[in-house]
Amino acid sequence: MVEEMEESVIKALLGSISSFLNLSSSKHIDLDPFEKYYKSVEELLRVLEPIADAVVNSHLVLDEKLGKSFEELTQDVDQSSDLFRGWQAFSSKVYFVLQIESLIPKMRDTIVDAFQFLMSSKDDLPDELNQASLEQCLEKIQHLNYEEISSVIDGALRDQRDGVGPSPEILVKIGENTGLRSNQEILIEAVALERQKEMAEQSENNAEVEFLDQLIVIVNRMHERLLLIKQTQTSSVAILADFFCPLSLEVMTDPVIVSSGQTYEKAFIKRWIDLGLKVCPKTRQTLTHTTLIPNYTVKALIANWCETNDVKLPDPNKSTSLNELSPLLSCTDSIPSTNADVYAHKVSNKSHDWDASSSEIGKPSFSSRGIERESASPSRPASALGASSPGVSGNGYGLDGRRGSLNDFEDRSNDSRELKTDAPGRSSVSSTTRGSVENGQTSENHHNRSPSATSTVSNEDFPRADANENSEESAHATPYSSDASGEIRSGPLGATTSAAPRRDFSDFSPKFMDRRNRGQFWRRPSERLGSRIVSAPSNETRRELLEVEAQVKKLVEELKSTSLDIQRQATAELRLLAKHNMDNRIVIGNSGAIVLLVELLYSTDSATQENAVTALLNLSINDNNKSAIADAGAIEPLIHVLQHGSSEAKENSAATLFSLSVIEENKIKIGQSGAIGPLVDLLGNGTPRGKKDAATALFNLSIHQENKATIVQSGAVRYLIDLMDPAAGMVDKAVAVLANLATIPEGRNAIGQEGGIPLLVEVVELGSARGKENGAAALLQLSTNSGRFCNMVLQEGAVPPLVALSQSGTPRAREKAQALLSYFRNQRHGNAGRG
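Residue 825 in this note's numbering sits at position 825 of the sequence shown, with consecutive numbering throughout.
Derived by calculation from the structure, the hints in this document are not laboratory data.
Incorrect hints may appear among the rest.
[Stated by the list, open to error] Straight-line alpha carbon distances no greater than 25 Å define the calculated DSS-like cross-link-like pairs of lysine-lysine that follow:
hint, residue 1, residue 2
1, K65, K39
2, K39, K27
3, K106, K68
4, K299, K312
5, K266, K173
6, K230, K173
7, K299, K230
8, K11, K65
9, K106, K11
10, K312, K230
11, K36, K140
12, K266, K278
13, K299, K270
14, K230, K266
15, K140, K106
16, K270, K230
17, K230, K36
18, K106, K36
19, K278, K27
20, K106, K39
21, K140, K68
22, K11, K68
23, K266, K312
24, K312, K270
25, K140, K39
26, K65, K173
[Claimed, not checked] Between beta-carbon pairs, the in silico distance windows are:
hint, residue 1, residue 2, range
27, Q827, E746, 53 to 63 Å
28, T290, Q136, 55 to 65 Å
29, L144, D565, 56 to 66 Å
30, D605, Q807, 55 to 65 Å
31, I293, V164, 34 to 44 Å
32, G674, S167, 38 to 48 Å
33, T308, N826, 16 to 26 Å
34, I566, P811, 53 to 63 Å
35, S167, W305, 29 to 39 Å
36, N624, E547, 20 to 30 Å
37, G15, S58, 13 to 23 Å
38, L546, E664, 33 to 43 Å
The model shown is predicted, which means the values in this text are computed figures rather than measured ones.
The beta-carbon is built from N, C-alpha and C at its ideal position, and this holds for glycine as well.
Using the sequences and the hints, build the whole thing.
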């Protein structure tokens, strides 16, 4: 007789099947693409259900393997039910397809295994489970086929990483199989993916964030493809892209500006908002209000253009573009192949520096845990996103993959865990005895970098805080201001707080402030002064400090050992101690360990070298240690590591150089010591994380006037422009450095020669708030110092986005945009006067 536990397993499976089949009455089941996938699962379960019934009715004793198969099937059916039941009006169709396609083959294989096991059973089986019946069921299962689109999407992602980009035919196939056939559906899908990405960021699932970034690029390509087709079909006369409404794909007759600064056809954006979509379709920014402001400037430009070219404006009330089938199918060959692969930032021919294996590494695993997490992780409220939604912060297309971690330059170590790479520049923790990089772990380790009191730079979003064990510690930021030259410089809050590097350039992005409702959070005086003021310790704390001092003293002696094993273990332990709290950093800094750690940067043992540089990185969080590290002659050994160390050692060396460069005199030392060349090499050829570390350091070094020319001469501009590819997730970072380099003639010439002007115009139109600001500053420098570059800026259609920015950008962005528009007007009037 069937044991009670075994019977409950089968009954649970039958209950799950019944629950799934009851979903057939759900409203969205008959929509595309859900109907196809629902039928595929339903057909499998219709074959499985009578077999499971027969097993229960026959009182068959379950073998352990068969019981496990039924348990797995129950889980898979429940996951499938959750997917169909959890889908809402603005959920991602692409993400749903990838999830369900990962479950269906698994279910099919498990069912086949279960049937084959029953066929090989020597038990006396009822007629319903005889050989012929089971063979017939197997045949049905094997004939249940459907076209899998996930492999097509994987191929598109590989092409994208290779810098080729998916072909128009592939985009068509993806759109047709995921139900994305109209421009509105494509734009809604992009918004849905941004929301999915928010949940992945909340769960700190970095690999999934990277993967979603890439999916967003694919969807953006589909929209750009539609726009290009529409442009070629509308008129024989070339029409500026800025005249088209991103929603209607028609030339605008009644353009209005939304709170994100983007311009749309009034009827279409109103319809979008009425659907309940409170985000900008183009930038994905949360709309802080739904007031539609007439854009008379763009309207006049369009009217003049139409009159000049004898083009009749369309009637927006008669247009059906919002709901019509995508012209992708009929127009895949209607435009030149050279323009077929339109990339979000006009970088379709640029190479992507992604690991060859990243197509699988970056892909999320759709486990039951992941699905449960998804349903249990609500999106961050829109109010917390301010003017820049998570999907926009990096580059305006939602492609800044690495954001949200507040301990970016933190020691990536933990007591008993080691990091393994999940995706380029990403980390996950696996169990081992060696300490290693840690990314986004606990509030205890959150720390951010800041300039010292002597520093001339602080981004408005440059978070400033010590890495402290106290999770209550807040960060405060110094305002961003610019001198007459447009260079990024520090505001009045110059600082007594310690500088601490961080991994993700939130200093270039408004996201850090958005998460705190854009308020400046000030720490208590004792927290601001860090090691300068220490409250009276309790007896227990005093005992702990004495224990740490004794441990550090012993480790310092071990650093002097001639045994590589002892040195390796000692540096690893110091690395962990320096990670944990500020008191430990102070104790280590006062113990004489810094000089010995600097010497070990030349160690021939890679693990020792890696531990030493990471320990110094963590120690540098304390201002006093910064000075001690620089005084110990660490700059040249750090450059040695930057040139010859492992990938992780190089990353942490660059991060340490950034941390030291916060002190003004160190900017000069680092620049004169030959660090810029290796940093630029890491920027161009390093891992994604290494590139971000290098960009951080170069940004800080570019504040010092003497370093700018060296950075340009080392070839940084070409790499920075390559990194404006949204897939790299570094648009804001690259633009911030370019804005500083644009203040010297060599920098401006390099930006112009390397093709940076079109990309800067794109950032001004579509970037994050900070990206637009820095992009406008760079364009101002380029235009006002070169007539040739000024003409190029105008030819790229910079005026409409500058007009929008002058009305709705940050104060600094509005200032730069207004100055540039004023310069354009003066130039036009001057030329007219001379005529």
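Checked hints:
no. : hint                     : in the structure
1   : K65 to K39               : 28 Å, violated
2   : K39 to K27               : 15 Å, holds
3   : K106 to K68              : 14 Å, holds
4   : K299 to K312             : 14 Å, holds
5   : K266 to K173             : 32 Å, violated
6   : K230 to K173             : 19 Å, holds
7   : K299 to K230             : 20 Å, holds
8   : K11 to K65               : 17 Å, holds
9   : K106 to K11              : 21 Å, holds
10  : K312 to K230             : 16 Å, holds
11  : K36 to K140              : 17 Å, holds
12  : K266 to K278             : 15 Å, holds
13  : K299 to K270             : 18 Å, holds
14  : K230 to K266             : 19 Å, holds
15  : K140 to K106             : 16 Å, holds
16  : K270 to K230             : 21 Å, holds
17  : K230 to K36              : 30 Å, violated
18  : K106 to K36              : 17 Å, holds
19  : K278 to K27              : 24 Å, holds
20  : K106 to K39              : 16 Å, holds
21  : K140 to K68              : 23 Å, holds
22  : K11 to K68               : 14 Å, holds
23  : K266 to K312             : 18 Å, holds
24  : K312 to K270             : 23 Å, holds
25  : K140 to K39              : 14 Å, holds
26  : K65 to K173              : 40 Å, violated
27  : Q827 to E746: 53 to 63 Å : 24 Å, violated
28  : T290 to Q136: 55 to 65 Å : 59 Å, holds
29  : L144 to D565: 56 to 66 Å : 59 Å, holds
30  : D605 to Q807: 55 to 65 Å : 59 Å, holds
31  : I293 to V164: 34 to 44 Å : 40 Å, holds
32  : G674 to S167: 38 to 48 Å : 45 Å, holds
33  : T308 to N826: 16 to 26 Å : 23 Å, holds
34  : I566 to P811: 53 to 63 Å : 57 Å, holds
35  : S167 to W305: 29 to 39 Å : 33 Å, holds
36  : N624 to E547: 20 to 30 Å : 22 Å, holds
37  : G15 to S58: 13 to 23 Å   : 19 Å, holds
38  : L546 to E664: 33 to 43 Å : 37 Å, holds
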